[in-house]
Amino acid sequence: MRCYIPAARADLSAVELTARTVHAVTPALRGYYPKADLESLEHVATLMAADESLPRLAAGEARRIVCVAEVADADLVLPAAPARDAAEITGVTLTAAVPWHKVESILVDAPGSEELVRRAIAGEQQAFEQCGDIDLLWFDVTERALLVSELEN
Numbered sequence: 000m001r002c003y004i005p006a007a008r009a010d011l012s013a014v015e016l017t018a019r020t021v022h023a024v025t026p027a028l029r030g031y032y033p034k035a036d037l038e039s040l041e042h043v044a045t046l047m048a049a050d051e052s053l054p055r056l057a058a059g060e061a062r063r064i065v066c067v068a069e070v071a072d073a074d075l076v077l078p079a080a081p082a083r084d085a086a087e088i089t090g091v092t093l094t095a096a097v098p099w100h101k102v103e104s105i106l107v108d109a110p111g112s113e114e115l116v117r118r119a120i121a122g123e124q125q126a127f128e129q130c131g132d133i134d135l136l137w138f139d140v141t142e143r144a145l146l147v148s149e150l151e152n
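Going by numbering that gives the first Met the number 0, the first residue of the sequence shown is number 0, and it counts up by one from there.
By construction, these hints were calculated from the structure, which means they are not laboratory data.
Everything numeric in this text was worked out from a predicted model, so none of it was measured.
A portion of the hints provided could be inaccurate.
Under the rule of at most 20 Å between Cα atoms (straight-line distance), these lysine to any residue pairs were calculated in the SDA-like manner [stated by the list, open to error]: (1) LYS101 / VAL76; (2) LYS101 / ALA61; (3) LYS101 / ALA71; (4) LYS101 / ASP74.
My request is simple: use the sequences and hints to build the entire structure.
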């Protein structure tokens, strides 16, 4: 299953991505948007992962990061209870670490969005909602080291 993994800069330097809550096109999401195409559903899962990356960001970080990976179904646990909110509609528990060779791409907030992200981290609801309008830039996983360097500056 393709998963959207909320991340922070430190994750990009790690040997692998550790187990955590991730987001995916789940049966609950398909049921919530029965007429949506796969691309639209993946967009919803991506935005949920981007939102969930906010509390993962360390002090001084102000760009959300999402890693996109193909994960074995055996390494995922779907929620047993019915979803109560949007994050639960896409939320899945990743039970095993994801090696970098399983990561297809890395999505990062476009430069210039840092002030809005900082306000969202500080708890400003309007800024949090506006973060959904930030363009997520696509990076191939082979650009990970370059991306780490860019995000440190």
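Checked hints:
1. LYS101 / VAL76: Given pair LYS101, VAL76 holds - Cα atoms ~18 Å apart, limit 20 Å.
2. LYS101 / ALA61: 26 Å, violated
3. LYS101 / ALA71: With a Cα-Cα distance of about 10 Å, the restraint between LYS101 and ALA71 holds, given a limit of 20 Å.
4. LYS101 / ASP74: 13 Å, holds
Going down the numbered hints, you'll see the structure goes against just number 2.
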